[in-house]
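Protein chains: 4
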Amino acid sequence: MLVVMQATASPADVQRVCDAISEMGYQPLPMPGAQLTTVGLIGNDRRVDGSHIEALPGVAEIIYVSSPYKQVSREWRPANTLVTIAPGVTFGGSDVPVIAGPCSVESEQQIIEAAHTVRAAGAVALRGGAFKPRSSPYSFQGMGKEGLELLRRAKAETGLAIVTEAMDDEGAQLVAEYADCIQIGARNMQNYSLLKTVGKLRTPVMLKRGMAATVQELLLSAEYILAEGNDQVILCERGVRTWDPSSRNMFDLNAIPAVKKASHLPMIADPSHGTGVRDRVGPMARAAVAAGADGLLIEVHPDPNRALSDGAQSLFPQQFTELMGELVPIAAAIGRRITTPGAR
Amino acid sequence: MLVVMQATASPADVQRVCDAISEMGYQPLPMPGAQLTTVGLIGNDRRVDGSHIEALPGVAEIIYVSSPYKQVSREWRPANTLVTIAPGVTFGGSDVPVIAGPCSVESEQQIIEAAHTVRAAGAVALRGGAFKPRSSPYSFQGMGKEGLELLRRAKAETGLAIVTEAMDDEGAQLVAEYADCIQIGARNMQNYSLLKTVGKLRTPVMLKRGMAATVQELLLSAEYILAEGNDQVILCERGVRTWDPSSRNMFDLNAIPAVKKASHLPMIADPSHGTGVRDRVGPMARAAVAAGADGLLIEVHPDPNRALSDGAQSLFPQQFTELMGELVPIAAAIGRRITTPGAR
Amino acid sequence: MLVVMQATASPADVQRVCDAISEMGYQPLPMPGAQLTTVGLIGNDRRVDGSHIEALPGVAEIIYVSSPYKQVSREWRPANTLVTIAPGVTFGGSDVPVIAGPCSVESEQQIIEAAHTVRAAGAVALRGGAFKPRSSPYSFQGMGKEGLELLRRAKAETGLAIVTEAMDDEGAQLVAEYADCIQIGARNMQNYSLLKTVGKLRTPVMLKRGMAATVQELLLSAEYILAEGNDQVILCERGVRTWDPSSRNMFDLNAIPAVKKASHLPMIADPSHGTGVRDRVGPMARAAVAAGADGLLIEVHPDPNRALSDGAQSLFPQQFTELMGELVPIAAAIGRRITTPGAR
Amino acid sequence: MLVVMQATASPADVQRVCDAISEMGYQPLPMPGAQLTTVGLIGNDRRVDGSHIEALPGVAEIIYVSSPYKQVSREWRPANTLVTIAPGVTFGGSDVPVIAGPCSVESEQQIIEAAHTVRAAGAVALRGGAFKPRSSPYSFQGMGKEGLELLRRAKAETGLAIVTEAMDDEGAQLVAEYADCIQIGARNMQNYSLLKTVGKLRTPVMLKRGMAATVQELLLSAEYILAEGNDQVILCERGVRTWDPSSRNMFDLNAIPAVKKASHLPMIADPSHGTGVRDRVGPMARAAVAAGADGLLIEVHPDPNRALSDGAQSLFPQQFTELMGELVPIAAAIGRRITTPGAR
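If you're matching them up, the sequences are chains A, B, C and D in order. Plus 23 on top of the position in the first sequence (first one is 1) and you've got my numbering. Plus 23 on top of the position in the second sequence (first one is 1) and you've got my numbering. Plus 23 on top of the position in the third sequence (first one is 1) and you've got my numbering. Plus 23 on top of the position in the fourth sequence (first one is 1) and you've got my numbering.
Calculated from the structure, these hints are not laboratory results. This one's a predicted model, so the numbers in the text were calculated from it and none came from an experiment. Any given hint could turn out to be false.
As the list claims (entries may be wrong) - Sample of chain A residues at the chain D side, in silico, Cβ under 8 Å:
| hint | residue |
| --- | --- |
| 1 | Gly116 |
| 2 | Ser269 |
| 3 | Ser270 |
Glycine residues also receive a C-beta, built at the ideal position from the N, C-alpha and C atoms.
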């Protein structure tokens with residue numbers, strides 16, 4: 024932590040800051056400059072909250088020079104963390120697994136058909152919501168436990184790994200029984216109770232970036248999970264709030280290299296929510312792989328025109344198949360490989 | 024719902040949209056125009072999800088002409104809802120109650136001293152977090168149940184109503200036992216499990232706007248609470264995400280008249296989080312009252328320089344006293360009255 | 024300027040940064056810390072561009088500890104600058120002048136009627152665009168020089184000072200002949216050629232904040248004008264880009280105390296553009312005065328339903344009169360006074 | 024244009040809207056619905072400003088169903104516009120030209136060296152600013168006309184096409200004499216005087232998206248240029264304002280497919296400004312090509328550590344060479360080709 028003093032700060036102001044730092048149990052280091060003085064804090068253990076110092080007379084600003092997170096940091100663990108959610112489905116290495124499927128589980132026929140479709144096109148994991156966070160209480164809220172049962176059947180039929188969302192503590196326990204990876208949705212990225220709960224489980228977690236979360240906030244939320252003992256965390260860019268009505272969200276691919284530099288955790292991308300429009304899912308899926316994403320999460324529906332939710336951004340099966348074909352040479356161009364399903 | 028067709032849409036495209044609407048159980052109404060055709064949907068019950076229609080050939084866009092919320096709407100209930108959290112502390116009428124106190128409950132001495140201080144200056148309710156949602160798992164997380172006990176003592180000593188945050192289902196039950204109003208924080212505005220839980224309780228709820236929530240999303244989250252049977256909901260503007268590093272948040276006072284036009288629920292303002300800087304709390308508290316806020320939530324600490332959290336935005340007791348004096352004539356200028364504490 | 028080194032930086036990395044600073048003609052000051060080293064630069068004259076240092080091995084970030092502006096800074100000139108655009112119409116002191124009138128000059132009758140109306144209600148200056156920046160080339164672009172002639176007539180009839188926009192160099196020269204204050208619109212806030220041109224004139228300038236400009240960028244744009252010799256600059260908050268479709272713009276009143284702390288220049292507010300909706304202009308005008316704005320800019324039209332532009336946000340004459348009545352006690356509550364028109 | 028009435032609107036309210044539309048010279052078409060009535064306007068010529076109707080009693084909102092732009096629209100001209108700035112350098116077809124070079128022209132040696140370097144790596148056009156828009160008046164403002172002379176020499180030596188920025192009318196005339204393509208920077212995207220000036224020239228224009236411009240605003244600004252007779256316009260995504268301090272800008276690749284669907288104009292991408300950090304330029308350049316960008320604009324400096332501006336985001340020559348190698352297979356994966364320099 025560095026305390027930058029105002030140009031007009033008096034020696035007494037500087038002393039007061041030094042005293043405040045001492046009182047907090049750290050050693051102050053005043054550094055007089057040509058125009059102004061800064062005061063460093065020695066022994067920063069990443070837990071210092073200096074906000075009260077910010078308000079002392081003569082203080083211009085506080086600068087935190089250490090990152091506030093720790094276990095998710097690449098300084099802490101230089102090598103990539105590999106997260107394996109099922110045999111052959113590993114995120115964070117040179118392979119790029121694709122998770123695909125409908126927004127919601129709607130019926131046995133729909134989810135089984137979706138599973139066969141996406142597997143045939145090359146996906147290695149199936150997505151599909153049983154618990155759906157919807158802005159309106161009057162929208163379809165998902166099939167609940169029955170949906171989880173249907174996902175289990177889809178897995179038995181196709182061998183696909185299952186990724187599905189949990190919205191609360193009870194749901195997380197349940198999802199952990201049925202799924203290979205628990206998704207924490209954007210709206211719950213800072214639901215710290217839920218993060219602690221999944222941190223105590225031993226199931227891999229896919230944590231989606233919040234609607235207006237900074238990269239640092241995303242990493243801090245992941246830190247909550249690691250701090251409880253679960254380091255099997257996959258991060259996911261899914262688009263953030265935008266003032267441009269031409270898109271549902273702004274798909275922030277800059278976050279991919281930013282996260283991968285700062286952290287050892289894998290980061291995947293969800294171009295379906297990232298764009299909100301079927302026509303743009305393909306271009307943005309390709310862009311995400313080219314940018315270095317460690318995986319993709321794509322909405323595909325056997326019959327998007329009859330989907331109960333997110334129909335407009337779900338790919339038709341044929342579109343998904345074509346897209347998978349385009350992704351292979353793009354991954355190859357940067358020395359990676361789209362994961363292929365194992366034999367059955 | 025209105026389906027706007029592209030200028031180049033064929034009659035067959037229009038027919039396909041009409042069929043899709045019929046299949047959904049509604050009656051389609053095609054309206055040919057000079058440049059393009061629109062198709063209306065008759066019988067919209069606010070639950071229609073038309074996203075799959077958006078993807079049909081020839082469709083330009085879907086326009087939802089009814090608001091997606093219902094019970095929170097002023098069309099539904101024209102008169103202001105009055106929310107009384109304690110005798111003499113009513114939000115939504117002509118009175119403007121001020122809730123004040125520290126960010127967190129830190130000790131018995133601190134919270135009792137804070138309570139006396141803010142009551143003496145004219146506050147009628149005490150804020151103070153026992154459960155604290157913090158971006159970092161390593162930051163102070165609040166005193167928990169012990170903090171609630173201390174708030175109860177502060178109430179016994181001063182008669183102030185108690186407003187404090189709950190972060191999960193279990194916490195909500197506990198807070199409901201101790202407090203007069205349960206705060207749902209910005210990070211949990213779309214934690215629908217928590218919203219349903221507090222909707223089933225009979226304690227008033229103060230729902231803070233999320234970091235990047237639209238006014239409509241805020242109202243939809245309130246709808247979750249009303250839909251469970253609890254209409255004692257106070258909304259709160261607390262600043263939203265900004266790209267301008269000169270402020271911690273952007274304090275969106277436009278939301279006050281916007282919400283009050285759309286909804287019958289009271290809307291208060293939190294200038295402490297809305298600015299993040301002590302010097303701006305006074306100007307923005309005055310601005311909020313002038314804009315028509317139904318109450319204020321202000322951080323005041325007996326000794327901000329030693330606060331465990333949010334020190335930089337907490338007012339000194341003397342500053343708070345001066346501010347309360349400024350607010351009285353501003354409220355009077357628009358025919359309102361800062362609520363005064365009852366006799367003890 | 025402070026160069027923060029990565030925790031893993033080697034002594035050679037630190038030396039390389041020191042050398043780079045020396046090469047730039049400044050003196051480096053390495054400051055080893057517990058976790059990492061920072062290197063200060065002595066003699067910063069506010070013109071240093073350290074971006075190439077940011078890219079050296081081992082550098083974590085560059086922190087600019089001096090503000091990049093100079094003449095607009097309150098450190099540079101502690102007392103408020105008073106900007107007098109006409110006798111009795113001064114911004115920056117305890118008086119709060121109100122500028123009002125239609126979005127565009129549309130006809131002689133319209134502007135003369137508007138001028139009489141706003142003067143009767145208490146405005147001391149008339150706004151009205153002769154040159155209109157419109158998003159679409161097919162929208163009404165203003166009456167040009169003829170509009171300026173009509174504004175001159177309105178001034179002759181009512182004594183109101185004239186504030187009107189210039190969009191290019193030629194227009195600025197022309198506006199300077201006719202008006203008492205040249206407005207630079209939001210879209211041109213970073214049109215540096217235009218800023219330099221008005222900096223060379225001796226007419227007061229009202230500089231509106233850009234759609235997504237930070238407070239610092241606004242001050243830097245003002246610095247362009249002062250750097251050319253014209254210190255008669257009034258800043259104006261007019262709302263910024265928002266992702267919330269419930270408002271045309273987000274009206275950032277935090278910027279008022281932020282600018283007034285950082286700079287000696289007066290800052291006014293435009294609640295008409297700041298809200299985009301007539302119903303919210305009153306509440307936000309009151310809020311702006313309560314927040315400490317040094318003046319207001321309000322759209323009023325004799326017949327808003329027939330306005331050629333911005334009809335939905337223009338007040339009816341009667342609404343403006345009522346608003347002026349509400350503003351008086353609010354200004355008084357903070358020791359200020361709404362400027363009253365002189366005798367004629 | 025569609026006028027959506029409130030659910031509570033009376034027949035008189037609807038009639039008033041119809042009358043207002045008639046008065047504007049159009050034919051109103053009332054369309055009663057189950058919950059509410061809408062009124063259409065027949066004969067919309069894209070120039071209607073309905074804002075005064077929005078304010079009539081009983082009106083809920085106005086919906087513009089035709090796009091406000093015209094000549095830039097793909098409805099207007101279905102086939103891609105090809106913009107050829109020099110022989111063999113065409114944007115909008117299947118080829119993808121790369122423009123590269125330093126942020127600013129700094130000296131003869133620097134720009135000639137840069138030109139040779141980027142040509143050797145495969146660029147077909149040279150960028151380099153002679154007129155630099157800088158936030159601070161005290162930053163390096165470019166070499167002006169001398170810089171243009173140096174660019175001409177670089178072209179003579181290497182055969183590269185020249186792309187450079189103009190900031191005002193006079194500069195635009197000058198740039199048109201020296202360069203193959205006039206760049207309009209983000210800060211001037213809505214400088215309508217400048218847009219009209221370059222619209223009257225016959226030199227191709229590259230128009231960069233403003234810091235917070237919507238896709239529609241970008242297209243409307245292009246419309247200003249086409250409306251004056253110049254249809255040789257290349258659009259450019261260069262990142263937009265973000266609240267996330269982890270990036271200088273948010274690079275909005277969604278805009279590429281969005282613009283290409285709405286308009287026939289070519290759209291390129293600038294990953295250097297889009298990221299602001301050298302390490303991310305490569306990943307985002309690859310992503311832009313994968314997303315369908317019609318070209319790239321990349322900052323490369325012979326010696327970034329000594330650059331006078333934007334050093335931190337400029338690639339080293341070797342990095343640029345490697346990147347060009349990665350782009351070839353990515354373009355091929357979607358059936359395109361990175362343009363190669365002609366023989367000399």
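Here is what the structure says about each hint:
Hint on Gly116 (chain A) is violated. Least Cβ distance to chain D is approximately 18 Å, over the 8 Å limit. Given hint, Ser269 (chain A) at the interface with chain D, holds; its Cβ is 4 Å from that chain's nearest Cβ, closer than 8 Å. Evaluation of the Ser270 (chain A) hint against chain D yields a held restraint, the C-beta minimum of about 5 Å falling below 8 Å.
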